[in-house]
Every structure is written in C-alpha cells, then in structure tokens.
Amino acid sequence: MWEQTPSIKSIAKGEQVFATNCAVCHGETAVGTNPHRPMGDMKDQGGYIAPALNGTGHTWHHPDAVIFKIIQEGSIAEDSPMRGFDEKLSDAKIVASIHYFKSLWPKEILNRHKEMIQH
Numbered sequence: 001m002w003e004q005t006p007s008i009k010s011i012a013k014g015e016q017v018f019a020t021n022c023a024v025c026h027g028e029t030a031v032g033t034n035p036h037r038p039m040g041d042m043k044d045q046g047g048y049i050a051p052a053l054n055g056t057g058h059t060w061h062h063p064d065a066v067i068f069k070i071i072q073e074g075s076i077a078e079d080s081p082m083r084g085f086d087e088k089l090s091d092a093k094i095v096a097s098i099h100y101f102k103s104l105w106p107k108e109i110l111n112r113h114k115e116m117i118q119h
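Okay, so the sequence shown: first residue is 1 according to this note's numbering, each after it adds one.
In short, the hints are calculated from the structure, not lab data. Mixed in with the good hints there might be a few duds.
Unchecked claim - Here are the simulated BS3-like pairs of lysine-lysine, each with C-alpha atoms no more than 27 Å apart in a straight line:
1) K69 to K9
2) K107 to K9
3) K114 to K13
4) K107 to K69
5) K69 to K13
6) K9 to K114
7) K9 to K93
8) K13 to K93
9) K88 to K69
10) K9 to K88
11) K114 to K69
12) K107 to K13
Computed from a prediction, not measured in an experiment: that's the story for all the values here.
Make the full structure from the sequences, and use the hints.
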C-alpha cells in the first residue's frame, strides 16, 4: 500500500481525488484554509482552520497509516469539520490522495518523514 516511490499514475489519480474531495478545505494546492497558518488552528468565530498538507503544516509528523485513518474515519475532535471519507472513497483513492499531497512535500520533509516512520 505504501510505495516508497509512488507511481506517476497514482499521484495523478490522487490529484483528481484531492481536487474533488479535499481542496474545498485544504486549498487547491494543499496550502490549507489560511496559508499564513499552515498548522491549522481555531477560527476566531469558532471552528477550525484546515491545515496545509503540502509539507508546511504538521501532517508529515504522522505516519502514513495515521494519515490514512484520519482521512478514512475523520478527526477525533468532535467539533472538527474533518469527517471520514470511508463511505465516499475507496482505500485505493485515499492512498492515492496521500501520494498526491506527499508529492508536494519538499525533499527535506520527505526525508524527515521517512526517518521518523522507520524508528
């Protein structure tokens, strides 16, 4: 499931999945709701700012399996707008979306992520 180097086809499929399902909150280029707050945060009027998924936020701090679970099942925060996509997206489409946004990560972040998940 977790290819070391995802195929171009998987990344392209993931870009389509992302554009259709994720971009509305995480931005068309995965910069998050507010590019000036890539880690996400609470909105002043309540609710959450969706984090960046392009390597500038905290997503890379999580193993792929955790990222997958969050997309599949939704956030553990009850008041978060991040709901699970388990009834909408197949496992393969979730994995492809992860391949896509990880393709946006700078090489340094990809390397740090790989090191983190190996330990």
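Taking the hints in turn, this is what the structure says about them:
1. K69 to K9: 23 Å, holds
2. K107 to K9: Roughly 20 Å between the alpha carbons, so the hint for K107 and K9 holds.
3. K114 to K13: 23 Å, holds
4. K107 to K69: Given that 27 Å is the threshold and the Cα spacing comes to 24 Å, the pair holds.
5. K69 to K13: 19 Å, holds
6. K9 to K114: 22 Å, holds
7. K9 to K93: 12 Å, holds
8. K13 to K93: This hinted pair holds, its Cα atoms lying about 8 Å apart.
9. K88 to K69: Holds - the C-alpha atoms of K69 and K88 are around 14 Å apart, at most 27 Å.
10. K9 to K88: 21 Å, holds
11. K114 to K69: The hint holds at about 18 Å.
12. K107 to K13: 21 Å, holds
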